[in-house]
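J.: These are the residues of each chain, in order.
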Amino acid sequence: MRHVLDTRTLGREDAIRILDVAEDMADTQSREVKKLPTLRGKTVVNLFFEDSTRTRISFEAAAKRLSADVINFAAKGSSVSKGESLQDTAQTLQAMGADAVVIRHGASGAPRTLATSGWIDAGVVNAGDGTHEHPTQALLDAFTMRKRRYGADSRGRDLAGFRVAIVGDILHSRVARSNVWLLHTLGAEVTLVAPPTLLPQDISLWPVTVRYDLDEAIAAGPDALMMLRIQLERMNAAYFPSEREYSRRWGLDPVRLAALPAGSIVMHPGPMNRGLEISAEAADSPRSTVLEQVKAGVSVRMAVLYLLLAGERTNAERTTEEER
Amino acid sequence: MSTRATERTVLQDADIARALTRIAHEILESNKGPDGLILLGIPTRGVTLARRLAALIERFAGVAVPVGALDVTMYRDDLAKHPTRTPHPTDIPAPIDGKVVVLVDDVLFSGRSIRAALDALQDIGRPAAVRLAILVDRGHRELPIRPDFVGKNLPSARSERVNVRLSEVDGAEDGVSIETPAGRAEEAGA
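Line order of the protein sequences matches chains A and B.
Heads up, the first sequence is in my numbering, so the first residue is 1 and it goes up one at a time.
Heads up, the second sequence is in my numbering, so the first residue is 1001 and it goes up one at a time.
Please keep in mind that the hints were generated in silico from the structure rather than gathered at the bench.
Since this is a predicted model, take the numbers as computed values, not measurements.
One should not assume that every hint holds.
Looking from chain B toward chain A, a few residues come up when the C-beta cut is under 8 angstroms (computed) [to be verified]: (1) F1060; (2) G1062; (3) M1074; (4) K1081; (5) T1084; (6) P1089; (7) D1123.
Distance windows between CB atoms, simulated [to be verified]: (8) B:N1153 x A:D121: 40 to 48 angstroms; (9) A:G41 x B:A1005: 34 to 42 angstroms; (10) B:D1077 x A:D213: 39 to 47 angstroms; (11) B:P1066 x A:Q91: 37 to 45 angstroms; (12) B:A1055 x A:R40: 37 to 45 angstroms; (13) A:Q91 x B:D1119: 30 to 38 angstroms; (14) A:S67 x B:G1098: 48 to 56 angstroms; (15) A:Q29 x B:G1033: 33 to 41 angstroms; (16) A:S108 x B:R1126: 47 to 55 angstroms; (17) A:R40 x B:G1098: 27 to 35 angstroms; (18) B:P1066 x A:A219: 44 to 52 angstroms; (19) B:R1126 x A:S67: 18 to 26 angstroms.
No residue lacks a Cβ here, since even glycine has one placed at the ideal position from N, Cα and C.
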């Protein structure tokens, strides 16, 4: 694996491989010594052009648990705010010897540009680009779903037959997009639930069912309900009349929570707006996987960094062991 | 002096069974019984061998010995020299602090896997002692590592391959064979 740019082009085999390696990584995280020496001497740069605390510290924790050196590069207050181009930033990182670049950028496609431009040799991990994708979030969501369903018996499995409803601001959500493609690849059925104003204009080619009513979606008995964050900064754009109305029609309140079938889970990528898209009862219920998702995030990102950085830089995969 | 690839069998299934039986007795003898023993196999075939040894020890000593798996992939020093290896699960069946851990692997060659295993163990706990049981020792050590229990010493050329088949993993009858690559036959036994 050379880069992780999206889930749309990520094959089933690679996806399951990442999830399986993440299982091994998760096992090491319950030990007293959580640090592995695997990526000693490698340098991972967190290149964040957009604010993010959770994703950045998750990647930072993952890299550090594998003994890589981490350099955090936040665009704010850096030369980028003085007008430096992505090319110059990338070449600077290359000159400093970055082995992997974890990039978050406001422009969709920036990670792919970085990976294919020839400016750097480093592996590139997309940590969220514009309204395009956020592949490691989808991977950690899939990891969490698989773990809840199959427990210790998760390795090697996909999500065939698993039914997931993604609720909220699909239009602006890269998390939703990455989840749609990955869940489809893994055999799950995806339903999008949102006000029409928060759905992209044309999703006829997406492998999803669309509903506009959350109660109908809950009545259909999903295995997982994924609540997306309503970005308050979008409130003045009039996608819906008021917070209160959104919360009443598309928020997961205690009544809707109680209507969910036994065994189905409630997911949220965080940070949550309690009382808006998700009620405190739902967020704190045993169905909620919010903290499991955070934990899975570190394991999945360790797996991605391991698969990108540990081996020889080729595309061939080793099939037999020769050296013992 | 052939120049074509050849493969010859050096251990049959009965030889492997005898070797494991002897190793099980030797482990019990050197440990003065089954107390405090933990068997950890190195994936994949080491795990199978560790399970077989545990079953034999239980038969001879009447006590079930904890048996598990210790994956060393993430501790290897040659990761960057090969395409990415997929790790295997590690399963530590009981706390190893103060116990006698017997590492089990199928082939001992450079010793680098065992070095990685010792590092991996260190992150899990502090055993009273670590022993090493090996089905086939083929020589060519690159590190000062020596097995405590050996099924068979098998001098081989560096260019040769030692293939271990175990029924649980390979679905074929147990056996150990040496494969000499084409054109390299003259080096055999070097």
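J.: Each hint: holds or not?
T.: Status of each hint after checking the structure:
no., hint, result
1, F1060, "violated, 28 angstroms"
2, G1062, "violated, 30 angstroms"
3, M1074, "holds, 4 angstroms"
4, K1081, "holds, 6 angstroms"
5, T1084, "holds, 3 angstroms"
6, P1089, "holds, 6 angstroms"
7, D1123, "holds, 4 angstroms"
8, B:N1153 x A:D121: 40 to 48 angstroms, "holds, 45 angstroms"
9, A:G41 x B:A1005: 34 to 42 angstroms, "holds, 38 angstroms"
10, B:D1077 x A:D213: 39 to 47 angstroms, "violated, 58 angstroms"
11, B:P1066 x A:Q91: 37 to 45 angstroms, "violated, 54 angstroms"
12, B:A1055 x A:R40: 37 to 45 angstroms, "holds, 38 angstroms"
13, A:Q91 x B:D1119: 30 to 38 angstroms, "holds, 37 angstroms"
14, A:S67 x B:G1098: 48 to 56 angstroms, "violated, 28 angstroms"
15, A:Q29 x B:G1033: 33 to 41 angstroms, "holds, 36 angstroms"
16, A:S108 x B:R1126: 47 to 55 angstroms, "holds, 51 angstroms"
17, A:R40 x B:G1098: 27 to 35 angstroms, "holds, 29 angstroms"
18, B:P1066 x A:A219: 44 to 52 angstroms, "holds, 49 angstroms"
19, B:R1126 x A:S67: 18 to 26 angstroms, "holds, 21 angstroms"
Hint compliance for this structure: hints 1, 2, 10, 11, 14 are not met, and every other hint is.
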